[in-house]
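Here is what each chain is made of, one letter per residue.
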Amino acid sequence: MKSHHIFVIAAALVIWAAVTGATAQQQINSGQMATSLAGVSNTQLSLTGAQMRQAVLDNIHNYPGALPPRPLAFPQLENLAQFVVEVDFDFNSAVIRPSSYRTIGAIADALHNPILLGYGFLVIGHTDSVGGREYNVGLSQRRAEAIRDALIDPFNVNPAALEAVGMGEEQLRDPAHPTSGVNRRVQLVNVGKKFCFGRSGEQFVCP
Amino acid sequence: MAERREGGANVNKVTSLVCALWLVLVAVLPVNAQTMSYADAISQLAAACRNDIAKYCKGVPLGPRLKTCFDTNGARMSPQCQQSRGVVYASISRRAAAQRNIGDICSADIARLCGTSHADAHLVECLLGVSPAAMSPQCNQTFTDTGWRTERARQ
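As they're listed, the protein sequences go chains A and B.
If you read the first sequence in my numbering, its first letter stands for residue 306, the second for the next number, and so on.
If you read the second sequence in my numbering, its first letter stands for residue 2, the second for the next number, and so on.
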């Protein structure tokens, strides 16, 4: 009953984030992030980051064009607990702007919430359509890694709990306006319980 | 005129007093207060050091290299940035250390309050359920510093 309730909140948050766009997303606080990440549990994702990266390159190879003729879908991810935020980077660079430091700190606070202890997360970067598709895959990969790196140091998130994946422009949020800022975003996805706890509280990969 | 000058002197006195009180608070608070959330800590740094980051650390990624940039150029940065940088990085490392050391510092409390079998599986959940008054002061302070109580309450 309770988990169902939480899932509804998470779904509502995702929809709300999708509708209201970039400005409002900055206001999602760490508690709301933690709530949307905690919506679904006991799900084990079989999809790996390497498989996702390969699928992105395959999509470009199999469906060439200036814009992706068809969006890349990962049905396995769609029902997992997640949220989307906008992070500002320097132009054509993986350097996070100080205006987004707070967002990264809030993501770290959410990932440190005790309800998310022991879970693993995907950090997925998306670009708009400016620039070549393959270039954008590389750029979004470096940006996702920059976020992962900042979450690890200075914000002390367990490195083994995070995997960074660059999606480029293969999943435009607003395909009708491919250069719009709403397409530039970061998606955090809870991929399920990853760590168990030992006798003195130490973490290890669940058997 | 004289009255106005006197009024100005009073305002100055009040300002000095407020400044002195504020300095005392800043000096005393970090000892017993809780650590800042990472969001509050890093946005305080971004606000206090916006110009200094643009001037001395442009293009430096948020992470260990930004801290190195602060350490290298700190003396040339504005006083409010220097002050904020000290407070912010101290809070961040104190929170990290608390999370790292909670198992050791609270081991006696965990054995006494949670019973070993409970604590083995979920140390944090157990401590969240314990009243702060029942915990030893050192364990309670460390648990507060982890930020787990405040983050759990925010959710």
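Keep in mind that the hints were calculated from the coordinates and are not lab data.
Note that CB positions come from ideal geometry on N, CA and C, so glycine has one too.
Watch out, some of these pointers could steer you wrong.
[To be verified] Away from chain A, derived, C-beta distances all over 10 Å, residues of chain B:
#, residue
1, 61
2, 87
3, 90
4, 93
5, 126
[Said to hold, decoys possible] Chain B is faced by these chain A residues, among others (derived, beta-carbon under 8 Å):
#, residue
6, 334
7, 413
8, 414
9, 460
10, 464
Query - Status of the stated non-contact between residue 126 (chain B) and chain A (beta carbon gap over 10 Å) - result: violated, 7 Å
Query raised in the report: Against chain B, is residue 460 (chain A) within 8 Å by beta-carbon distance?
Result: holds, 5 Å
Report task. With chain B as the partner, please determine if residue 413 (chain A) meets the hint condition of a C-beta pair closer than 8 Å. Result -> Holds: closest Cβ of chain B sits about 4 Å from residue 413 (chain A), inside 8 Å.
Query raised in the report: Going by Cβ atoms only, is residue 334 (chain A) closer than 8 Å to chain B?
Result: holds, 7 Å
Query raised in the report: Closest CB-CB distance from residue 90 (chain B) to chain A, is it above 10 Å?
Result: Check fails; 8 Å does not lie beyond 10 Å.
Query raised in the report: Can we trust that residue 61 (chain B) is non-interface, i.e. its beta-carbon lies farther than 10 Å from all of chain A?
Result: violated, 7 Å
Query raised in the report: Holds or violated: residue 464 (chain A) as interface residue toward chain B, Cβ cutoff 8 Å?
Result: violated, 12 Å
Query raised in the report: Can we confirm that no CB of chain A comes within 10 Å of the CB of residue 87 (chain B)?
Result: Holds, since 14 Å exceeds 10 Å.
Report task. With chain B as the partner, please determine if residue 414 (chain A) meets the hint condition of a C-beta pair closer than 8 Å. Result -> Holds. Min distance 5 Å.
Requested in this report: Measuring Cβ to Cβ, find out whether residue 93 (chain B) lies farther than 10 Å from everything in chain A.
Outcome: Answer for residue 93 (chain B): violated, closest chain A Cβ roughly 5 Å.
The earlier numbered hints that this structure contradicts are 1, 3, 4, 5 and 10.
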